[in-house]
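Visitor: Residue numbers (our numbering): 1 to 254.
Just so you know, the hints here were simulated from the structure itself, not pulled from any lab data. Just so you know, not all the hints are guaranteed correct.
Simulated crosslink set (DSSO-like; lysine-lysine; CA at most 30 Å straight-line) [stated by the list, open to error]:
hint	residue 1	residue 2
1	Lys59	Lys106
2	Lys151	Lys134
3	Lys59	Lys196
4	Lys134	Lys148
5	Lys52	Lys106
6	Lys66	Lys196
7	Lys252	Lys52
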Amino acid sequence: MRYITALILASGLALSQSVAAEDCKAPDLICKAAANQDRSLYVRDRARYEQKLRVERFKLKDGAEKMEEVRETSVMVEPGASSDKSGQVPVVVRVISDTDKRGNPKNSVNEDERTMLSFGAMWDLAFFPLLPEKISYYNFQEVVADRKNEKWYRFVPRPEATTVPLASGIVQLDPATGEVLTIRIEGLHNLDVIDKEASKLRSFNATIDCPQFEGALRMPTLASGSGVSGIRRFEGSFRFRFEEGRYRIVSKIN
Numbered sequence: 001m002r003y004i005t006a007l008i009l010a011s012g013l014a015l016s017q018s019v020a021a022e023d024c025k026a027p028d029l030i031c032k033a034a035a036n037q038d039r040s041l042y043v044r045d046r047a048r049y050e051q052k053l054r055v056e057r058f059k060l061k062d063g064a065e066k067m068e069e070v071r072e073t074s075v076m077v078e079p080g081a082s083s084d085k086s087g088q089v090p091v092v093v094r095v096i097s098d099t100d101k102r103g104n105p106k107n108s109v110n111e112d113e114r115t116m117l118s119f120g121a122m123w124d125l126a127f128f129p130l131l132p133e134k135i136s137y138y139n140f141q142e143v144v145a146d147r148k149n150e151k152w153y154r155f156v157p158r159p160e161a162t163t164v165p166l167a168s169g170i171v172q173l174d175p176a177t178g179e180v181l182t183i184r185i186e187g188l189h190n191l192d193v194i195d196k197e198a199s200k201l202r203s204f205n206a207t208i209d210c211p212q213f214e215g216a217l218r219m220p221t222l223a224s225g226s227g228v229s230g231i232r233r234f235e236g237s238f239r240f241r242f243e244e245g246r247y248r249i250v251s252k253i254n
């Protein structure tokens, strides 16, 4: 039954977004990818789900790594019960398990603890870089695909796009449907628009796998990567492994 619900939902969303697709000026497959990302994020924003992040933070000295922190955190993410003053529904992130800096489980956790997963808008920029409203800010170029039965496109922000949070990298697509299979992020841009602290992220790269969610949508369920951070309490070089799953729709779908 849940599979059928998701399939009907995806079909309905495809119909409601066909007008937006007609306004897309990018390559046809990129326009399909944008609609795919939009549908998937729409459902994800109305669901409760879990995220797990393992971060190894270290400093480089004389070519060697000096480990500063190994931390593994799990959170529950869900939409707020009501809209805020701006009319937007806030995203509630609650820590459900955590470790100390050596990776040892904590006996008790603070639900409101600030972790790397607290920067949800930054992660979503990496996971959903090709939303319809952002397509016009990118330049696209098809590149040779290393995998059969895929189409690959490089996307980079246009030089004049300085006021919108954007990403750069390569997206791997299903050549028929435009479904997003894998995203390889090489950088995040204009993070100061999101958050002053997030803008202190000096570099970021990630490989994000997007399996189908119940046969209908594409969710960012696995990711790994690295970067350099100047964010307070998270300074230094880091590498990470991210997991997301256990989706359950909890808000009304129009």
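Visitor: Evaluate each hint against the coordinates.
Guide: Structure-based check of all given hints:
| no. | hint | in the structure |
| --- | --- | --- |
| 1 | Lys59 with Lys106 | 24 Å, holds |
| 2 | Lys151 with Lys134 | 20 Å, holds |
| 3 | Lys59 with Lys196 | 23 Å, holds |
| 4 | Lys134 with Lys148 | 28 Å, holds |
| 5 | Lys52 with Lys106 | 15 Å, holds |
| 6 | Lys66 with Lys196 | 28 Å, holds |
| 7 | Lys252 with Lys52 | 26 Å, holds |
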